[in-house]
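Position chain B against the provided structure of chain A, taking the given hints into account.
Heads up: the sequence lines are chains A and B, in that order.
If you read the first sequence in our numbering, its first letter stands for residue 979, the second for the next number, and so on.
If you read the second sequence in our numbering, its first letter stands for residue 1095, the second for the next number, and so on.
Hints are computed from structural coordinates only; laboratory data are not their basis.
Incorrect hints may have been included.
[To be verified] Covered stretches of chain B, going by a simulated chain A footprint (3 or more residues, C-beta under 8 Å):
id: 1; region: 1168-1175
id: 2; region: 1179-1189
id: 3; region: 1263-1274
id: 4; region: 1350-1360
[What the hints assert, rightly or not] Calculated pairs, EDC-like style, for lysine to aspartate or glutamate (alpha carbon to alpha carbon, straight line, at most 16 Å):
id: 5; chain 1: A; residue 1: Lys1001; chain 2: B; residue 2: Asp1222
id: 6; chain 1: B; residue 1: Lys1225; chain 2: A; residue 2: Glu1006
id: 7; chain 1: B; residue 1: Lys1225; chain 2: A; residue 2: Asp1072
id: 8; chain 1: B; residue 1: Lys1225; chain 2: B; residue 2: Asp1181
id: 9; chain 1: A; residue 1: Lys1001; chain 2: B; residue 2: Asp1181
id: 10; chain 1: A; residue 1: Lys1070; chain 2: B; residue 2: Asp1181
id: 11; chain 1: B; residue 1: Lys1165; chain 2: A; residue 2: Asp987
Remember, it's a predicted structure, so these values are computed and weren't measured experimentally.
Every residue gets a Cβ at the ideal spot worked out from N, C-alpha and C, and that includes glycine.
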Amino acid sequence: MQSSISVEDHLAKIYAIWLREFKVFLREKSRLVASTFTPILWLFVIGSGLGSANPSTVPGVDYQQFIFPGIVSMSIIFTSVFYGSYIIWDRKFDFLKSVMVAPVSRGSVFVGKSLGGMTTSLIQAAILLAIGAAIGIQFTPLSLLQDVAVILLMSFGLTSLGLALGSYMYSLEGFQMIVSFVVFPLFFLSGALFPLDNLPSWLGVLTMADPATYGVDAMRNAMLGVGSHPAGLDFAVLTAYTAALGFFGIYSFGRMKAV
Amino acid sequence: MIKIKNLVKQYGRLTAVDNLTLDINDNEVFGLLGSNGAGKTTTIHMLATLLKPTSGTATVNGYDIVSQSSKVRSSIGIVFQAPSSDDMLTGFENLHLHAMLYSVPRHARSKRIDEVLELVGLADRKKDQVKTYSGGMRRRLEIARGLLHKPKVMFLDEPTLGLDPASRESMWKYVKRLVEEEKVTIILTTHYMEEADMLCDRIGIIDKGKIVALDTPAGLKAGLGGDIIRIKTKTPDADKMISRFDFVQKIERADGFLVLSVNNAKRALPVLLQAIEAESAEFASPTLNDVFIQLTGRNIKEQAEGGFMERYAKFD
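So that you can see chain A by itself, here it is in the shape it has in the complex (with noise of 0.2 Å):
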């Protein structure tokens, strides 16, 4: 009895944490506009152009749908590592504070923020497959719950990565750091935007080390069935990168300063 409503009390605190979260998204409408339109920037002009140029990237595959599971990936990279930032503005405008001399556990405030920077990544995500079908995507029911789960899984553990990289860092500007080492690595390496199949060694090294490698392949094999994996394995190596992640989120909220 005692442990029910212990843990009825942590998802009450993280719901309240996720809620303000939410709130400030759905208040702060210019940031939704902003990071769809670059994805959205990139399917077109990068799809388009670069398809008109080299239309065999992989055979019987138009290149504008062939990099569209990338794009969907490449807004949940850039949006969840991002979504770290918060943690500095939190800081910095001293809301973290008033958080953590709460009675509420990190692990809690963890969960709840990591849950704000899914649904944003969701929120987004979600518009891009309905633009993906008007490129010509075929959803099925079940493609679509593989894709949802990729998102799902994608965005809690890169989220997880950017608050972890955040829970470390006091001014905003060395997160931009992050921006060259972290995001765009991970964005270049998954294989968004070419096959994976036919790479020099080295190249082919680091993109089976990026954890959004198999994220996309596994939206590709859903969406087109033209993956580099088996979608089996793509699942596997993503949920266990997610954890990882997870618990390096969750430990670095244990070690971060609150004062």
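Just chain B, lined up with the frame of chain A:
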């Protein structure tokens, strides 16, 4: 309510809080008075479990600040130096968030939120985003937030820092109301003498991490020898007549004036003026500032105030 024993906080070689021992009673308003960098905020942060002490112990509401930090957190409310509410949310939403974080039961939340908003005079602004609030209103919202879960102890860290004089006075009014309406022990840090004088039952003057004086405001000032009254009189034997009163501690003659030391000049003067015929009379009371200068050799008002920019600069 709070027992602090040999509390120490060191940052490298710097000792911010130096072997502090202090007891704070139930339902008193206790002021920690000191200049910037004296160790006030560090002490509060340790008591609020945000910082771990280097050594020493303290209990808040009977709970140890290190080993029972969660229970300490449930027992306290805190208003930080800089407002810490989310300004994208409304006043109500900020309070609702914290009501959930402090496990205020669902059915009691709205009622309690309305109560505390009423107490700080923000009931009519509860649906507005905090970014539309003035500085004083933000501070009051923080007080409301700190009170939501009916804490036993309320920490107010420089509650009027950076406020204009009018907002400062209204803040004092709300703090006084808080003392009257909520059963709560208040620990207030400030470097404004008049604030400490007006609001606090007892004051600890803290300098370089140590308590250098601890008494009621009146007691601290009385330590300087009480009020001084100067009377010019033609009454012969005025000295003798005055020495009858036991509230007169010392009588001197200087430049044709009688100079008297008394405990409370405001009460003493009318009595004296009935007894003797005075041509002129004046009095001066020692201020807490005089006490502070005597104890630390420095004037608290000469210190930089530590504005927002300075505090944010510390993060970078």
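Verification of the hints:
Under a criterion of three residues with beta carbons nearer than 8 Å to beta carbons of chain A, the stated coverage of the region 1168-1175 of chain B is upheld, 4 such residues being counted. Counting residues of the region 1179-1189 of chain B whose C-beta lies closer than 8 Å to any C-beta of chain A gives 6; at least three are required, and the coverage claim holds. Check result for the region 1263-1274 of chain B against chain A: violated, 0 residues qualifying (beta carbon to beta carbon below 8 Å, three or more required). Check result for the region 1350-1360 of chain B against chain A: violated, 0 residues qualifying (beta carbon to beta carbon below 8 Å, three or more required).
About 14 Å separates the Cα atoms of lysine 1001 of chain A and aspartate 1222 of chain B, which keeps this hinted pair within 16 Å; it holds. With a C-alpha separation of about 13 Å, the suggested pair lysine 1225 of chain B and glutamate 1006 of chain A falls inside the 16 Å cut-off, and the hint holds. Pair hint lysine 1225 of chain B plus aspartate 1072 of chain A holds up; C-alpha atoms about 15 Å apart against a cutoff of 16 Å. Pair hint lysine 1225 of chain B plus aspartate 1181 of chain B holds up; C-alpha atoms about 5 Å apart against a cutoff of 16 Å.
Straight-line distance between C-alpha atoms of lysine 1001 of chain A and aspartate 1181 of chain B comes to about 12 Å, which keeps the hinted pair within the 16 Å bound. Distance restraint check for lysine 1070 of chain A and aspartate 1181 of chain B: the Cα-Cα separation of roughly 13 Å lies within the 16 Å cut-off, and the hinted pair is therefore satisfied. For the suggested pair lysine 1165 of chain B and aspartate 987 of chain A, the alpha carbons sit about 15 Å apart, so the restraint of at most 16 Å is met.
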